[in-house]
Amino acid sequence: MFTRGLKRKCVGHEEDMEGALAGLKTVSSYSLQRQSLLDMSLVKLQLCHMLVEPNLCRSVLIANTVRQIQEEMTQDGTWRSVTPQEAGRAPLDRLVSTEILCRSAWEQEGARPAPGLGDGHVQGPVSDLCPVTSAQAPRHPQSGIWELDSPREDRGGFHKSLDQIFETLETKNPGCMEELFSDVDSPYYDLDTVLTGMVGGARPGPCEGLEGLAPATPGPSSSCKSDLGELDHVVEILVET
Amino acid sequence: MGINYIDLDLFNPIQNISASRKQADIISTVEFNYSGDLLATGDKGGRVVIFQREQENKSRPHSRGEYNVYSTFQSHEPEFDYLKSLEIEEKINKIRWLPQQNAAHFLLSTNDKTIKLWKISERDKRAEGYNLKDEDGRLRDPFRITALRVPILKPMDLMVEASPRRIFANAHTYHINSISVNSDHETYLSADDLRINLWHLEITDRSFNIVDIKPANMEELTEVITAAEFHPHQCNVFVYSSSKGTIRLCDMRSSALCDRHSKFFEEPEDPSSRSFFSEIISSISDVKFSHSGRYMMSRDYLSVKVWDLNMESRPLETHQVHEYLRSKLCSLYENDCIFDKFECCWNGSDSAIMTGSYNNFFRMFDRDTRRDVTLEASRESSKPRASLKPRKVCTGGKRKKDEISVDSLDFNKKILHTAWHPADSVIAVAATNNLYIFQGKIN
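Line by line, the protein sequences are chains P and A.
Following UniProt numbering, the numbering of the first sequence begins with 1 at its first residue and continues without gaps.
Following UniProt numbering, the numbering of the second sequence begins with 1 at its first residue and continues without gaps.
Keep in mind that the hints were calculated from the coordinates and are not lab data.
Glycine included, C-beta positions come from ideal geometry on N, C-alpha and C.
Please note: incorrect hints may appear among the correct ones.
[Stated by the list, open to error] Quick list of simulated restraints, FRET-style, between CB atoms:
| no. | chain 1 | residue 1 | chain 2 | residue 2 | range |
| --- | --- | --- | --- | --- | --- |
| 1 | A | D270 | P | G77 | 53 to 63 Å |
| 2 | A | E77 | P | G77 | 20 to 30 Å |
| 3 | A | P271 | P | G77 | 15 to 25 Å |
| 4 | P | G77 | A | K398 | 23 to 33 Å |
| 5 | P | G77 | A | R260 | 32 to 42 Å |
| 6 | A | E87 | P | G77 | 44 to 54 Å |
| 7 | P | G77 | A | E79 | 26 to 36 Å |
| 8 | P | G77 | A | K389 | 31 to 41 Å |
| 9 | P | G77 | A | E220 | 38 to 48 Å |
[To be verified] Only part of the chain A face toward chain P is listed, based on derived beta-carbon distances under 7 Å:
| no. | residue |
| --- | --- |
| 10 | Y82 |
| 11 | T173 |
| 12 | I213 |
| 13 | V224 |
[What the hints assert, rightly or not] Example chain P residues on the side facing chain A (calculated, C-beta under 10 Å, incomplete):
| no. | residue |
| --- | --- |
| 14 | Q33 |
| 15 | R34 |
| 16 | S36 |
| 17 | L37 |
| 18 | M40 |
| 19 | K44 |
| 20 | I69 |
| 21 | E72 |
| 22 | Q75 |
| 23 | T78 |
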């Protein structure tokens with residue numbers, strides 16, 4: 001990301017650099033958070049409870065959120081195949097102030113195109129983020145926005161984006177599913193249970209359609225239409241149980 | 001209805017009825033009957049527990065107003081849908097009482113798919129001296145009967161029996177979220193995510209579909225029904241709310257299928273506060289008519305709004321329940337709390353409203369004085385006959401003594417279900433698997 005090519009700051013230019021850096025961080029922090037939100041939403045849609053019918057209201061609201069994000073990203077021109085991101089997870093029992101995403105779009109319009117924002121706009125998570133990232137730039141090119149309190153450790157977060165998951169579904173046999181997710185040890189999401197249930201095939205569950213989803217998607221292409229088609233498929237699966 | 005002024009600061013706990021800590025005992029609905037003498041609760045395990053108010057007794061003055069268990073029965077059992085290979089939960093989503101017409105009490109209880117009409121009746125006499133059977137029930141040998149006698153009724157210990165009188169099944173493809181008894185006392189509606197059906201209480205094999213918002217192509221689905229209720233006096237009018245923050249009022253006289261509303265209530269969005277979560281937090285979780293029928297109240301994630309039925313453009317009043325959560329919406333989305341469905345209720349005179357929040361807090365708003373209070377339903381804070389202490393959530397930097405900071409709130413302790421006695425200053429608050437009953441002082 002942007003921190004990789006950053007040279008060491010010389011003393012005199014520190015303040016200017018911090019301002020520009022902060023502005024850049026505001027811009028890409030927003031994109032990062034938006035991407036995290038998109039990933040999280042797609043995971044939520046995917047995680048149908050195998051035993052009981054999923055809550056339709058919740059699914060519809062999440063699907064609408066995903067559509068909103070995709071629309072905005074399409075307008076931005078930032079809709080492209082995603083690189084592997086570490087979508088970190090905040091500890092469940094602690095709330096982290098996520099002001100950037102929850103700020104109004106109006107403020108964000110102002111924040112996004114102008115990298116030269118002063119410190120006034122940078123508060124909370126971002127300003128905490130700056131010193132951490134620059135110090136650890138070589139080791140941790142991206143810090144998850146979600147965990148600000150604890151140092152950036154290996155939390156076993158998702159190492160593959162959902163597009164890659166779908167790509168893998170297409171190219172590998174179903175038997176490989178378990179291996180694919182064997183490194184994800186997150187009890188919170190419990191993907192293993194869901195996916196092994198899917199692959200088993202003995203009981204058709206609400207997520208069965210996701211198997212059918214794979215051949216239909218042409219992999220992580222940069223065409224946003226196919227990705228939106230993916231979403232429609234997901235919604236279709238959800239609601240046609 | 002007999003209440004002139006409620007001192008919101010003086011709610012005293014009169015009872016804390018807690019069940020054991022099993023998952024199945026999580027209370028999922030609370031409802032007073034029309035007189036307020038009976039209080040019904042439904043739980044996640046499909047059980048209904050009915051409490052009855054103690055009569056005023058001069059020899060035991062302190063027990064006035066206490067609610068004791070009157071009847072317990074298993075209303076719904078878990079089922080399995082073989083076609084979809086899915087379980088149907090036995091959790092009771094809603095209970096609605098019917099107005100009392102004779103000595104027995106009737107209520108409707110529903111899970112996701114099936115509505116049942118239950119009759120709760122008392123038996124305090126039994127017949128003795130049958131001719132054809134012994135006292136212990138065994139049939140007597142007819143040849144040994146030499147004389148006839150008339151059976152006589154003798155008093156016995158009060159027994160309360162619940163029996164299912166009607167089962168209204170197989171009418172909902174999606175999950176039932178609301179039931180509402182009509183003011184004609186003959187019909188009722190049931191609403192799921194996409195459809196609303198009208199039933200006659202006597203007829204179980206037929207229901208009329210009065211609202212259907214299912215799109216022809218399910219991929220186009222963007223909005224669901226979240227709650228529905230009949231008008232308290234006009235038997236042809238009902239409202240239903242949606243996940244997009246809208247309320248539609250429909251008149252059944254206009255057409256058989258009420259897909260076109262008579263009135264459409266929606267508050268225009270404030271563009272300056274728009275975020276990715278705007279739609280989710282605008283989703284209405286509950287809608288309730290006032291007792292007078294002039295107003296209605298809607299609950300969305302952060303606020304309660306009071307609407308005048310004659311003004312569709314914007315609500316009459318907006319009361320913030322926990323505005324401090326607005327900056328935490330991302331995390332609340334992640335842990336799914338943003339999808340919690342809080343209910344709301346009116347007091348008997350429509351002068352106050354109540355709704356729940358997190359950390360076992362619940363909020364009451366006095367519409368006349370514009371005062372509001374936050375109270376906590378917990379064992380520690382509810383010593384018998386001591387007033388509840390108002391609570392405060394600290395949002396800014398410095399936390400005052402007795403305040404609790406937003407980050408310390410327990411989001412697993414949510415109060416989704418509350419009920420207000422139809423006449424008196426008595427409230428019932430369900431906190432997970434504990435039921436709290438509080439009594440307010442009336443001036």
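Here's how the hints hold up against the structure:
| no. | hint | result |
| --- | --- | --- |
| 1 | A:D270 with P:G77: 53 to 63 Å | 28 Å, violated |
| 2 | A:E77 with P:G77: 20 to 30 Å | 55 Å, violated |
| 3 | A:P271 with P:G77: 15 to 25 Å | 23 Å, holds |
| 4 | P:G77 with A:K398: 23 to 33 Å | 45 Å, violated |
| 5 | P:G77 with A:R260: 32 to 42 Å | 40 Å, holds |
| 6 | A:E87 with P:G77: 44 to 54 Å | 45 Å, holds |
| 7 | P:G77 with A:E79: 26 to 36 Å | 50 Å, violated |
| 8 | P:G77 with A:K389: 31 to 41 Å | 55 Å, violated |
| 9 | P:G77 with A:E220: 38 to 48 Å | 26 Å, violated |
| 10 | Y82 | 11 Å, violated |
| 11 | T173 | 10 Å, violated |
| 12 | I213 | 11 Å, violated |
| 13 | V224 | 5 Å, holds |
| 14 | Q33 | 8 Å, holds |
| 15 | R34 | 8 Å, holds |
| 16 | S36 | 9 Å, holds |
| 17 | L37 | 6 Å, holds |
| 18 | M40 | 6 Å, holds |
| 19 | K44 | 8 Å, holds |
| 20 | I69 | 6 Å, holds |
| 21 | E72 | 8 Å, holds |
| 22 | Q75 | 14 Å, violated |
| 23 | T78 | 15 Å, violated |
The structure fails hints 1, 2, 4, 7, 8, 9, 10, 11, 12, 22, 23 (numbered hints given earlier, in ascending order).
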